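A.B. asks: Numbering-wise (our numbering), the sequence shown opens with residue 2 and increments by one.
The set of hints was computed from the structure by calculation and includes no laboratory data.
Incorrect hints may have been included.
[Said to hold, decoys possible] Each computed EDC-like pair below joins lysine to aspartate or glutamate, with the alpha-carbon atoms no more than 20 Å apart:
1) 72 / 60
2) 66 / 80
3) 68 / 37
4) 59 / 28
5) 72 / 85
6) 68 / 80
7) 32 / 80
8) 72 / 52
Note that the structure is predicted; figures quoted are calculated from it, not measured.
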Amino acid sequence: MATSKLSGIIELDIHGMNKYQAKVYLDSRLKQAAADVYIIRVVHGYRGGTELREMVRKEYKHNPKVKRVQKCMNPGVTELILRELF
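Take the sequences, apply the hints, and build the full model.
C.D. replies: Spelled out as structure tokens, the structure:
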């Protein structure tokens, strides 16, 4: 459960969590996100299965704070776009 923040991007690592733990953690971090945060990058992995990836992509697609869910070139990462830069 590592966290790093790079100029408006928060990176959250949910490896090793079950779906419930990951959802509670992501909900908490989403709620606490400062106004300057525009992307939450979720590192969920994929080699151990796709359960976390699918949960992130389905659950947060309809979250009112998330403008859109973006798949990345790395299949182990999904970005939650909170606001557009342009």
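A.B. asks: Give a verdict on every hint.
C.D. replies: Tested hints:
1. 72 / 60: Holds - the C-alpha atoms of residue 60 and residue 72 are around 14 Å apart, at most 20 Å.
2. 66 / 80: It holds: about 13 Å lies between the C-alpha atoms, which stays within 20 Å.
3. 68 / 37: holds (15 Å)
4. 59 / 28: It holds: about 14 Å lies between the C-alpha atoms, which stays within 20 Å.
5. 72 / 85: holds (16 Å)
6. 68 / 80: The hint holds at about 11 Å.
7. 32 / 80: holds (16 Å)
8. 72 / 52: holds (15 Å)
Consistency note: the structure conflicts with none of the earlier hints.
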